[in-house]
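*Asks:* Residues per chain, in single letters:
Protein chains: 2
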Amino acid sequence: MSGDGFAPLPAPPYYAVIFSSTRKDGDDAGYAEAATRMLELARLQPGFLGVESTRGGDGFGITVSYWESEAAIRAWREHAEHAQVRRHGRAHWYEHYELRVARVERASGSGTPSR
Amino acid sequence: MSGDGFAPLPAPPYYAVIFSSTRKDGDDAGYAEAATRMLELARLQPGFLGVESTRGGDGFGITVSYWESEAAIRAWREHAEHAQVRRHGRAHWYEHYELRVARVERASGSGTPSR
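Here the protein sequences come in this chain order: Y and V. Using our numbering, the letters of the first sequence correspond one by one to residues 12 to 126. Using our numbering, the letters of the second sequence correspond one by one to residues 12 to 126.
Worth flagging that the hints you see were computed from the coordinates, not collected in a lab. Bear in mind that the values here come from a model prediction, so they are computed numbers and not experimental data. It is possible that part of the hints are untrue.
If chains are identical, the list can't say which one is meant, so a pair holds when it fits in one copy or spans any two.
For lysine to any residue, the following SDA-like pairs were computed, each having C-alpha atoms within a straight-line distance of at most 20 Å [unchecked claim]: (1) K35 x Q95; (2) K35 x L110; (3) K35 x G67; (4) K35 x I84; (5) K35 x L60; (6) K35 x S121; (7) K35 x G68; (8) K35 x L20.
Using the sequences and the hints given, assemble the complete structure.
*Replies:* Encoded structure:
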């Protein structure tokens, strides 16, 4: 994440992993530590482009990570430490989650000409 | 949004509009009213599938709306009242926003078999 939360991204196409979740109560420290570590690790992966993440006061969160290719997403999915943390998260941290993998076709924003 | 924040969606493929934003200070009531109205209106559009949305305490928000087709996204984009509210939002409500349009290729979640 950049300082203001926005991921600086190249021009499309690229891929997005949209992860929506609600947290179980408890182990906030363990969860925060793992989230920080996973972000550090993700940044080191080939094809990682950026991430945007937020969670509201109601506990509903959305994290979108951006990748150069489906192969990069697959490699990150198969990363041993990431896989271990995902298993732990499914068992202990998440009440419910949904994951969608998408190919970004076009992009615009307040910093770029509107399309 | 369903009660718990998750959008019940069909099997892919479908399309996602990922909207990330930071809010300017002020006019919270006007913004909230418009957001509610836009959600009501979006639900009435052909091809609308669902929406997930959250904003953290730091003011960074992500809203992902889901659509059957690019044509449905285009039609919503061209909806007169929506276009007017977007113009107002760009001028008054948003400090910065980024919008990405993506084709969802696959999905999994805690409620469905992991893929």
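*Asks:* Taking the hints in turn, state whether each one holds.
*Replies:* Verification of the hints:
no.	hint	in the structure
1	K35 x Q95	within (18 Å within a copy, 40 Å between copies)
2	K35 x L110	within (17 Å within a copy, 30 Å between copies)
3	K35 x G67	both (14 Å within a copy, 17 Å between copies)
4	K35 x I84	neither (26 Å within a copy, 34 Å between copies)
5	K35 x L60	neither (29 Å within a copy, 27 Å between copies)
6	K35 x S121	between (35 Å within a copy, 13 Å between copies)
7	K35 x G68	both (14 Å within a copy, 19 Å between copies)
8	K35 x L20	neither (32 Å within a copy, 23 Å between copies)
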